[in-house]
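K.L.:
Residues per chain, in single letters:
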Amino acid sequence: MKKLRDRAAELLSQGVVSLVIGYEEGTKRPRPLFCRNSESAEKLIFDSRCFHNLAVYITKKELVGKERFAVTAPISTLRSIMQLYVENQLSEEKLLVLTVDLSGELREFTTFDEIAAYVAQFELKRGEREQGILSKIEAMDRAERWKFWMEEMSHCFKCYACRSACPLCYCSKCVVEVNRPQWINPWPAPLANMEWHINRAMHMVGRCTACGACGDACPVGIPIDLITRKMMEDMAPEFGYVPGQPAKQGNALSSWKLDDREQFIR
Amino acid sequence: METKYISQSGIEQWFNAIVISGKRVFAPVNSRGQVDFKLVKKLSEVADEYIQTTQSIKASVYPKAEVLFSYEKVNGKVTLTDFDPESVPETVLWKVHPCDAAGFKPLSAIFNWDTADKLHNAHLVKTSVVSFSCAAADESCFCTSVNGSPGNTAGSDIQLTMLPDGGAIVEILTAKGETLVALMPNVFEADKGEKKEKYLVDLLARFNLEEVNAKLNKAFNSTVWKEQSERCLGCGACAFVCPTCACFDIQEDAHGSKGRRIRCWDACGFAMFTLHTSGHNPREHQSQRWRQRILHKFSYMPERLSVVGCTGCGRCSRACPVDMNILEHITSIAKQ
Amino acid sequence: MSSNTDFEPKIIAFVCNWCTYAGADLTGTSRLKYATNVKIVRFPCTGRIDFLLLLKSFAQGADGVIVSGCHPNDCHYTSGNFHARRRWIAFRSVLDLMGVDIRRIQYSWVSAAEGSKWADLVNNTVADIRALGPYAEYQKVADYLEKEGYNEEA
Amino acid sequence: MSEQNTYLPYLMTIEKVIKEAPGVKTYRLKFQDEADAEAFEFKAGQFGEYSAFGEGESTFCIASSPTRKGYIECTFRDTGRVTSGLASLEEGSTMGFRGPYGNVFPMEEWKGKNLLFIAGGIALPPMRCVIWNALDLRENFKDITIVYGAKTVNDLVYKSELKEWSDRPDVRMVTTVDPGGENADWKGEIGFVPTVVDKVAPSSENTIAIVCGPPIMIKFTFPVLEKLGFKDDQIYTTLENRMKCGVGKCGRCNVGKLYICKDGPVFNKEELNLIPAEEY
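Sequence lines, in order, name chains A, B, C and D. Under numbering that gives the first Met the number 0, the first residue of the first sequence is numbered 0, with each subsequent residue one higher. Under numbering that gives the first Met the number 0, the first residue of the second sequence is numbered 0, with each subsequent residue one higher. Under numbering that gives the first Met the number 0, the first residue of the third sequence is numbered 0, with each subsequent residue one higher. Under numbering that gives the first Met the number 0, the first residue of the fourth sequence is numbered 0, with each subsequent residue one higher.
Please keep in mind that the hints were generated in silico from the structure rather than gathered at the bench. Since this is a predicted model, take the numbers as computed values, not measurements. Mixed in with the good hints there might be a few duds.
Partial list, computed: chain C residues near chain B (C-beta under 10 Å) [claimed, not checked]:
| hint | residue |
| --- | --- |
| 1 | Q59 |
| 2 | D142 |
| 3 | L144 |
Calculated lysine-lysine pairs in the DSBU-like style (CA-CA distance at most 30 Å, straight line) [claimed, not checked]:
| hint | chain 1 | residue 1 | chain 2 | residue 2 |
| --- | --- | --- | --- | --- |
| 4 | D | K186 | D | K218 |
| 5 | C | K139 | B | K37 |
| 6 | B | K72 | C | K55 |
| 7 | D | K226 | D | K186 |
| 8 | C | K116 | B | K76 |
| 9 | B | K175 | B | K22 |
| 10 | D | K141 | D | K42 |
| 11 | D | K24 | D | K162 |
| 12 | B | K225 | A | K65 |
| 13 | D | K218 | B | K225 |
| 14 | D | K218 | A | K172 |
Ideal placement from N, C-alpha and C gives every residue a C-beta, glycine not left out.
Kindly generate the complete structure, drawing on both the sequences and the hints.
P.N.:
The structure is reproduced here in structure tokens:
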């Protein structure tokens, strides 16, 4: 941690970067910190509790400005950064990525190839929570799944924390804000909520890197991250992707193959 | 106001009597890993060990989405069907925290400012609040800093203070409260002279409201808004869990020749909230929107409506995905 | 699920202009008889059919949906149907996860020459949906509003 | 309890449709209910919520003068879901109206003064109400000057009325279009509204200036008026922030301590100075 603070302070004082986005101790758990000078870098922390996906900030122009900046990134954030890069949202010249590896060493990435090589060592696996809920859902029949999700959706009040917390939801105007036509009813109601989450899942197909930020952000505890996660797991073999690895061949729904297989079109 | 005693078994009998009377009873229920208000039939369903429900009781007097009126077009002629206050069922909110009940006052102040809000008032009339004073609090709670207290009775029709024997001190505060008592009068015994204060959590005030107000009056151009809001993601979680946030949107649900006009929750933190049709947005940056949230609650509402827009329930701090802690932020403004 | 013989399913078909719509036209001009439960919505291409339209159909009272366009390699716009195919693969998977009854959406490729295939598609789909019964489960929740403010059972 | 539902609109019949400019229309509306028509009163400066059933509500001022009884008029540009819904209605069809809301121009206080109207683009409608109100009570006021500008000649609204006003001997009328917006027949000024005001240089002596236009025009016109010697209490404007309810509840038009819908939309510059300029 000291190494990270020192390096961040150095980067800032030497003017290599104008901003370091990292974590500081929060009131309940670590929270995002924006260091613009070497003094504030003293507050930086980086440990296993730091899982908020900071990649959500790196596409916000009003925040990061025009100059080069650095971001501290655990694996899940690195995956998001790779996906953002594949979607042409980032440039190597502007971004410096810092992480602490398993042996506690500070790693610094200046190219996306380096990040890709590093991320490739880690397999994306379901955690205990994900496995618990998903195996329950997988054991349900269709009617049970409908009941389960409608109950969950009835709690949604459309605060859009899921959208706000997702690093890949960077559209300046979201489809829910389009009212000609009104694709998704803007008020919170079970079906309107369901439509929103189905829509979100569809927009995430082949893009979601299962960082869990949306589910973590949901104030009413809907496991919405598992919708996009399950989609990622199920669609990866269909379209030839590796979950958690960037879609170098293009996003699933903006590309196609002659031999895409299905059994349901008659 | 009258004070009585009710025993543990008396509470259950009374609760059952309320349910049998046909009123809907909503109470905190622990399900899906969260404690929140739900329709209940049995006292055993009500949650015990928790500090705060995720959502406030706001939705009972200001639903998430509600039909203002419906319309039908036939051969170019339009007929309107007004909202019917009689369609609102009698509702009892059970085991409400004082900070939640206190939220009714600022809510009503907004809805009835100048023009009365028929819908809100219809819900208000049909809703009775049975609050439970607080014996516990956590680091997000700060009711005592915003004119509240763990035993505050504002907004409650009846308040119970739980006693070690499982019974409770009952404060019957309003006529609505008396109506509830009348459903099972024999379980209410004479007051045993127990002091309510003995059973309340001790919660030190964390800031001085007047001081904060004075600071805020000069803080519009402060850099504090940008500093505090840098990590804000601009979602509506804080506004939607808040017992006093009342900003809303009016939307149309059209189905061919029929439709309904709907009022639904909205939040000043959303980027689109103030966007003009021309593309001009008076509150373009998140820092402006964060400033609006704080100033509206702690400066504009006290001045215009003579009521603070915060009851210190701490829900926004708990709900925020990036730890925008309102207590921390207000305290730091007070210290400036 | 009970099969109600009095029940006439409402079915919405989203079809592409170049193949299936022409195919359906041919069905008519060939005087082939088929079920009248289908309302056709014509699109330039299957690639242009937004998945939300399918959900909107159910919300507005459809019991079943048909989506049909050009056979692979026959797309008027070269690759619209390939994009559509991927989208439907993903969409079907999302819907299945959420518990939406995916048996009620029938995808097909019907060319401009396949008038009889269109008739069969419609007849089979109508029979399938008739067996499934009305999609009340979905339609019921379409109008839900404030009642669910407190997760009340309707 | 016979409480009124604030959100329930009056039903109005569109009596007349006037095409003003590309995408801009004026509707003359009549109350369908006689009793409503009788009871309805408003003053210059007030606004309302107009609804197209099936699309929603939109906020515009009442563009007709309170001196013209029996109807109200609104002028709007077809830009969004609601306005396009409204624009597709025809003469004889039904729409909704809630109002009148907001405060008013203090016409009584202005008796015996000169009036200077400065408007830009689609912001003439709120002004038109005041202009006609003043012209219908012409003897109450001294000189009346109108400076009106739009992007192009085509975008000028109320073309026939502009002519009527400029033909009147008791009105000084200056019309202008942005540079490049003129056509071959254009005889008015060419230039942005603040520049033209500067050029026309009306006297500030015993004069009330009423400014209405896009936020950017308002912000550039104020310094010009100041230069001409106008004091803050001589300058009035009407603001139009985004609104949903119109009655101070929905929270959108809250600027500083004020609500545009209740404390406004009419403000003099003294009052405006109390609220942060960046938020309107």
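K.L.:
Evaluate each hint against the coordinates.
P.N.:
Do the hints match the structure? See the list:
1. Below 10 Å, beta-carbon pairs count as interface contacts, and Q59(C) has one with chain B at about 7 Å; its hint therefore holds.
2. The restraint placing D142(C) at the interface with chain B holds, with a minimum CB-CB distance near 9 Å, inside the 10 Å limit.
3. Look at L144(C): its Cβ gets to within about 5 Å of chain B, closer than 10 Å, so that hint holds up.
4. For the suggested pair K186(D) and K218(D), the alpha carbons sit about 27 Å apart, so the restraint of at most 30 Å is met.
5. Restraint check for K139(C) and K37(B): the C-alpha separation of about 21 Å stays at or below 30 Å, so the hint holds.
6. Restraint check: the Cα-Cα separation between K72(B) and K55(C) comes to about 22 Å, which is no more than 30 Å; the hinted pair holds.
7. For the suggested pair K226(D) and K186(D), the alpha carbons sit about 27 Å apart, so the restraint of at most 30 Å is met.
8. The straight-line distance between the Cα atoms of K116(C) and K76(B) is roughly 45 Å, outside the 30 Å bound, and the hint therefore fails.
9. The straight-line distance between the Cα atoms of K175(B) and K22(B) is roughly 13 Å, inside the 30 Å bound, and the hint therefore holds.
10. With a C-alpha separation of about 21 Å, the suggested pairing of K141(D) with K42(D) holds against the 30 Å cut-off.
11. Under the criterion of a C-alpha separation no larger than 30 Å, the hint pairing K24(D) with K162(D) is consistent with the structure, at around 18 Å.
12. With a C-alpha separation of about 18 Å, the suggested pair K225(B) and K65(A) falls inside the 30 Å cut-off, and the hint holds.
13. Between K218(D) and K225(B) the CA atoms are separated by roughly 25 Å; this keeps the pair inside 30 Å, and the hint holds.
14. For a cut-off of 30 Å, the pair hint linking K218(D) to K172(A) stands: about 28 Å separates their Cα positions.
This entry does not satisfy hint 8, going by the numbered hints stated previously; all others are met.
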